[in-house]
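These protein sequence lines map, in sequence, to chains Y, X and U.
Just so we're aligned: the first sequence equals residues 3 to 231 in the numbering used here.
Just so we're aligned: the second sequence equals residues 2 to 221 in the numbering used here.
Just so we're aligned: the third sequence equals residues 17 to 271 in the numbering used here.
None of these hints come from the bench; they were simulated from the model.
Note that this is a predicted model, so its numbers are computed, not measured.
Among the clues, some could well be false.
Said to hold, decoys possible - So the derived label-pair ranges between C-beta atoms look like this:
id	chain 1	residue 1	chain 2	residue 2	range
1	Y	Pro150	X	Pro122	23 to 33 Å
2	Y	Val61	X	Ala116	53 to 63 Å
3	Y	Arg222	U	Glu149	33 to 43 Å
All C-beta atoms, glycine included, are put in the ideal place defined by N, C-alpha and C.
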Amino acid sequence: MSAWDRFAFTFLNLEVARTYWLDIAAGISVTVFVGIVVVATGLSLGLVLAGLRSLGLRVVTWPILVFVDLFRSLPPLAIILVIYFGLPNVGIVLPSLVVLWLSLSAVLAAFAEEVFWAGITSVAPGQWLAARSTGLTFGQTFAHVILPQAAKLAVPPLTNRTITITKNVALGSAIGVSDILGQANSALAMSTNATPLTIGAIFYVILFLPLVVASRRLERRFAWGVAGS
Amino acid sequence: MNALAGEFLNLDVMWRVMPMILAGLARSAVLCAVLLPIGLAGGIGAMLLSTSRVRAVRWAAIGAIDFFRAFPPLVLIVFVYAGLPFLGVELPTLASIAIAFFLNASSYFGEIYRAGIRSVPAGQAEAARSTGMTASQTFLSVTFPQAVRNVLPELISNTVELIKLTTLASIVSVPELLHSADLARSLTYNSSPLILAALIYFAILWPLVRLAGRLEHRLR
Amino acid sequence: MLNPDGAGAPAGSRLLEARGIRKSYAALEVLRGVDLVVERGELVFLIGPSGSGKSTLLRCCNRLEEPSAGTLLVDGVDLMSPRIDINRARRQIGMVFQGFNLYPHLDALGNVTLALRKVLRLSRRDAEARAMETLALVHLQDKARSYPGQLSGGQQQRVGIARALALEPKIILMDEPTSALDPELVGSVLGVIRELRERGMTMVIASHEMGFARSAADRVLFLEGGVIVEQGTAEQVFTSAREARTRQFVQQIMH
Chain Y
3 MSAWDRFAFT FLNLEVARTY WLDIAAGISV TVFVGIVVVA TGLSLGLVLA GLRSLGLRVV
63 TWPILVFVDL FRSLPPLAII LVIYFGLPNV GIVLPSLVVL WLSLSAVLAA FAEEVFWAGI
123 TSVAPGQWLA ARSTGLTFGQ TFAHVILPQA AKLAVPPLTN RTITITKNVA LGSAIGVSDI
183 LGQANSALAM STNATPLTIG AIFYVILFLP LVVASRRLER RFAWGVAGS
Chain X
2 MNALAGEFLN LDVMWRVMPM ILAGLARSAV LCAVLLPIGL AGGIGAMLLS TSRVRAVRWA
62 AIGAIDFFRA FPPLVLIVFV YAGLPFLGVE LPTLASIAIA FFLNASSYFG EIYRAGIRSV
122 PAGQAEAARS TGMTASQTFL SVTFPQAVRN VLPELISNTV ELIKLTTLAS IVSVPELLHS
182 ADLARSLTYN SSPLILAALI YFAILWPLVR LAGRLEHRLR
Chain U
17 MLNPDGAGAP AGSRLLEARG IRKSYAALEV LRGVDLVVER GELVFLIGPS GSGKSTLLRC
77 CNRLEEPSAG TLLVDGVDLM SPRIDINRAR RQIGMVFQGF NLYPHLDALG NVTLALRKVL
137 RLSRRDAEAR AMETLALVHL QDKARSYPGQ LSGGQQQRVG IARALALEPK IILMDEPTSA
197 LDPELVGSVL GVIRELRERG MTMVIASHEM GFARSAADRV LFLEGGVIVE QGTAEQVFTS
257 AREARTRQFV QQIMH
């Protein structure tokens, strides 16, 4: 067998692909579903926390800072394992999908809060004064004046961070979530061939490459926007 | 409350598993010591290729960088670790992890360096060249140092991410810190070892997270 | 209506009545008991060195800064009352800023309509109609769709004035409205202010435009070290001040 033949047999085995591709494709829906739910939860929680922090009340700010620093510093896999293996021993049993959702949402929320906060503090203080002087409330000022300006600055880093954390859905395979990687792993064990991994990898690239390319364009447009204004 | 403390903060258990945890910590340190230089150096390579004046090289480099940024690192590790043996290539586990990290980290670090290079005004290089410095001298002693300073917060943040990623080695059975802690958990039927590991990660990474935030604030 | 000090003109002619205003930041006392009383239709000029508390005093008048002590009546309404809806009250007190503080993400029309829609709850059509009228008052009706970044400083400041004016305030407070402008752009803003005065708008302006003060101000107040050192007509304050400190300051800004 030539080197290419062996490579093709191992990684691009059509026989194996035909048998298992549907199983692995079923993992896509899990990855996409968890990904969307994590993005929605994480970003909105991050935004709410940043909004609360801009109230400037110490009792609110401190717990937020603790939460943010904790979940930015801990490895996501460590968080997942602590929640997944720890809580059942004190009587709280959560399905692995829920554990994955909670862990990744908390991580994304922590990073998103920081990005939103950086955006909010970058808006000149005169904007608050001007808006409040016309009688807008705190909430109206935040929603209509501060947030649109903060968002412009926050979009590129937020996109990158969101993609990074969404890719972590694959960590779910460590606690038995049947996402793309989980399915590919079990197919790998059954077929004793690496082709399921290739299929899984292809699915991941199909899912995430457009997002990465889009974020690159977004970044460029943002850079021009700054130079032009 | 006592049940919670007994499950998560059992000092007895923590003390008993301490040798295991420390051995894991040592292994994690080795991982970082190997993987971080690989990523930082690989990033320079990725940056040089993706800013090449030859269009084909530039496009290929950018394509590869985006490809590996789209790839979940865990999938990459599993792919290299579990895939290559089928080919008949038997690599030590550390080597396969190093390959996976090289591909992933170089892409991320490369993008950061590139943003740094772009942030240095063109006048800097022009001034250096006008004094007779060569292109590589200009790059090494004028452009690159400024670029690194401008993206220092991002470099530190990404270093934190890379250290966090070393926990993925536990999935391919490298007895690093998280793996040892999880093993200790299954031996003691108690979650305190995991909490202990989390505390260690926090103690190491939190100062770096803060430092990056401080620097970012100062540069802004 | 009660007239607390029981003297002078009836309360009805006093539009702004701030008395004993104090403001401290930690150990630093920026305002040390300032009285600012403005009659209806009056144009009051506020002068004084930087750091004398001019900005702080203006911001205390609509409680953008919370006064540490003092009473504050606007058209007879007690702004310090705990029951007051400060956001409703603020729309009667327009404010114009040194740095314009226009919203960069909204065009000129959007800058003016935002509060009309959110605070006055006008429909988009009504808000835009009123905003266009107001922009016409500052001679910018043809710049309604321009963003702040596309306007000159003088145009931006006139949009800032329109934003305040559109809410039909009883009084407008201006914090150094022309000091961030290139000299050739100052005239257009002062021209608009003069037109407002002719229409009877009550205004308090912190500014060092002496020539304008001479021709337009009813009264000039000299603020230094957190207190009002001297006040009178522009002529009195600029040419025959009683206090040495005032004379010294006036001489400085003449040159």
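Verification of the supplied hints:
{"no.": "1", "hint": "Y:Pro150 x X:Pro122: 23 to 33 Å", "in the structure": "30 Å, holds"}
{"no.": "2", "hint": "Y:Val61 x X:Ala116: 53 to 63 Å", "in the structure": "38 Å, violated"}
{"no.": "3", "hint": "Y:Arg222 x U:Glu149: 33 to 43 Å", "in the structure": "41 Å, holds"}
Checked against the numbered hints given earlier, the structure breaks only hint 2 and satisfies all the rest.
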